[in-house]
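Given these sequences and hints, build the entire structure.
In this text, residue positions in the first sequence follow full-length UniProt numbering: the first is 1, and each later residue adds one.
Just so you know, these hints were derived from the structure itself, not from any lab. If a hint is listed, it holds; no wrong ones were tucked in.
Straight-line Cα separation of at most 20 angstroms, PhoX-like style, residue types lysine-lysine; simulated pairs:
1. K284 / K312
2. K69 / K79
3. K465 / K432
4. K755 / K725
5. K137 / K172
Computed spacing ranges between beta-carbons, pair by pair:
6. M499 / D7: 58 to 66 angstroms
7. I3 / I530: 27 to 35 angstroms
8. S143 / I530: 35 to 43 angstroms
9. R376 / E533: 42 to 50 angstroms
Small disclaimer: the values here were computed from a predicted structure and weren't measured. Note that CB positions come from ideal geometry on N, CA and C, so glycine has one too.
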Amino acid sequence: MPINYIDELNEIQYEAVVYNEGPSLVIAGAGSGKTRVLTYKIAYLLENGYAPWNILALTFTNKAAREMKERIAGMVSEKRAQALFMGTFHSLFSRILHVEAAYLGFNPQFTIYDTADTKSLLRSISKEMGLDEKIYKTGAVQSRISRAKNRLILPSVYASNKDIYESDCRAKMSAISDIYLQYWNRCRQANAMDFDDLLFYTFILFRDFPDVLSRYQEQFRYVLVDEYQDTNFAQHSIIFQLVKERQRICVVGDDAQSIYSFRGADIDNILRFSEIYSNTRLFKLEQNYRSTQTIVQAANSLIKKNQRQIYKEVFSKKDPGDPLVVFQAYSDTEEGEMVANKITELHQEEKYSYTDFTILYRTNAQSRVFEEALRRHGILYRIYGGLSFYQRKEIKDVIAYFRLVVNPNDEEAFKRIVNYPARNIGEVTVAKILTSARNNEVNLWEILCKPLTYELPISKNTSAKLQNFCELIESFRINVREKNAYEMSVDIIRRSGIMNDVYSDNLPENRDRKENMEELINGIHDFCSIRQEEESHPPVLLADFLSEIALLTDQDTDNNEGERVSLMTVHAAKGLEFSNVFIVGMEEGLFPNFMVGESAQALEEERRLFYVAITRAKVHCFLSYARIRFRYGSTEFANPSRFLHDVDVCFLKLWRNTEYYTDEISTRIRRDKYVKKEQTFPDTSKKIIKENSLTASSLANTANTTVKTGQTVEHERFGIGEVLKIEGEDESIKVTILFKNVGNKQLLLRFAKLKVVE
DNA sequence: CCGATACGCATTTTT
DNA sequence: TGCGTATCGG
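Structure (structure tokens):
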């Protein structure tokens with residue numbers, strides 16, 4: 001059945017689909033049918049002279065690629081859809097790199113280091129260099145190096161760049177460039193690439209080997225990029241190399257939804273696309289097909305507060321709909337209760353399925369109170385994100401064996417399993433091996449096999465143990481290129497002693513481990529049979545399995561088991577939609593998160609994140625905040641998020657119009673919304689008492705407690721402390737207390753249960 | 001080399 | 001609070 005492009009697309013969507021003569025930028029507002037444009041465009045290309053393998057389509061996640069492929073399969077044919085080069089940057093480029101590895105001095109069996117491997121290696125390096133780990137925190141070091149790689153800065157360039165050096169010095173980490181160089185070499189020595197390397201080396205491959213580049217230019221005659229606002233400089237540069245000649249490129253994205261800069265994404269890529277590709281045709285998809293008018297307008301009013309953006313006016317032709325509802329709760333626990341109640345109510349009275357609800361939070365740690373509340377209410381839920389299957393300890397151990405068998409120079413895999421299961425090869429011995437490998441500039445495996453040749457200072461006994469380990473790995477290696485992955489893995493798990501270790505006892509806490517192990521084996525079995533059918537090339541190797549899972553995440557295993565409320569971070573919600581969305585924890589310090597600090601850019605990104613959250617909602621959107629919150633083991637005072645002020649109040653309403661709400665935002669909503677309604681309580685925001693001011697309120701008086709600044713008080717959890725500061729009025733009196741044991745705390749007097757000691 | 005305890009420190013996350 | 005790493009004693 002032919003596709004009727006005109007009827008099935010709106011005017012601008014259609015224009016964007018059929019324009020393929022030069023570079024195009026599709027700015028796709030939230031819910032404006034972005035995926036629709038991409039799928040129809042690819043179908044259109046396929047019907048107009050492009051073979052599937054001539055089309056390179058890059059997506060942000062594997063899941064997005066898979067879903068798009070399915071949709072295209074329905075439009076053209078399964079076979080042609082399968083032949084498309086569609087996937088994430090990382091997965092497609094890793095495929096290319098596996099083929100072209102030799103150009104870059106890598107072995108095709110190279111390992112892909114995940115973030116944990118990267119951090120572990122960086123920690124070792126910092127230690128070896130004798131750097132203070134209090135200053136050189138692994139996370140910080142990793143993110144600086146990652147940022148450099150995303151900007152295509154080689155270690156040598158890094159070391160000689162003055163700006164970078166000064167920046168590192170400011171962060172008191174002047175040795176980063178040394179760590180970077182060391183890390184770079186160690187990865188090469190281990191025949192390993194990290195996630196950033198997959199991009200960096202692809203860039204280098206294309207830059208340094210023109211014949212290789214032209215081969216791929218020849219193949220990828222049309223390039224499409226989804227979620228362009230979240231691409232980084234390396235990705236931009238690779239794409240630029242590929243399309244330089246033909247300029248057949250279409251990128252799709254929404255600058256208002258750029259939320260991954262912490263991972264190197266550069267919003268300038270989309271903002272400046274038209275400058276880089278002259279003659280760019282710009283298409284703006286502004287009609288939102290997802291949400292009510294109110295939701296769209298509320299989101300617009302919010303995003304207007306950002307400076308840097310491409311002008312657009314997103315609109316909806318749906319019902320005007322209800323205002324966004326603002327909830328205030330005493331505490332995080334009550335917030336959970338309120339949300340659960342509301343879900344129950346909407347489920348029963350408006351017949352929404354539980355799958356129509358999502359609870360979105362800024363940080364994963366917030367999920368717990370909602371889990372508990374939902375459980376109390378007997379509502380089934382599903383949490384997205386968190387630890388992925390392949391990140392679990394026991395799974396990583398097994399995978400490390402696979403990795404070492406496929407690539408015996410994989411340092412991180414080696415360190416992980418050389419003494420698991422315990423075979424009495426300790427840290428000291430491992431350190432000797434690594435040092436020797438570095439000093440002699442030979443591979444790990446070389447030392448491991450012939451420790452005596454390199455004069456390792458080890459005992460006979462240790463040497464024997466090493467030899468056993470070596471022979472074990474070697475015995476697996478003999479078969480690794482012939483036997484299929486399933487047989488290999490069973491063999492490895494048995495003979496390595498893992499099986500013994502996991503099954504030796506019947507402790508209940510080991511049950512999960514066993515189940516996970518079995519799931520892994522079953523997974524490998526399935527992988528082999530599916531691959532075998534798909535590509536009918538014999539046999540499916542362990543290496544194939546490894547490259548598959550290195551770039552796979554839990555996001556990909558979406559089991560839609562039954563009617564469940566979804567819980568996830570706002571980041572994880574990108575691209576999804578729900579009838580009813582609860583955005584929780586709308587508090588200063590949480591959302592926007594305190595980590596953004598002073599940076600205006602970072603604040604804008606948080607605002608975009610809030611924009612993403614709101615625009616997930618089709619019908620109802622609820623915003624909630626709590627006045628006190630349990631965090632890091634203590635109860636803390638919280639203020640409503642400034643973002644609540646950024647949404648035009650005419651799109652907001654309070655859940656219950658009671659006196660209960662006394663903060664500024666509530667007062668504003670009430671005043672502006674219900675005009676001239678009798679104000680039964682004062683606008684407390686005006687009366688916040690500045691520090692040290694000696695007024696009546698420095699002597700706070702509530703039903704059960706009276707405290708003065710300077711007094712010594714006792715708290716049932718925090719113990720003895722001194723009152724430093726008192727601010728606020730009546731219900732919301734806040735006291736700052738310096739506790740002897742736990743330091744400074746801000747508490748709501750109403751809840752603090754203080755006892756005056758002196 | 002291993003286990004137990006102490007300490008310190010906390011986003012977001014896909015690849 | 002709760003996890004992951006550091007350190008110490010056996």
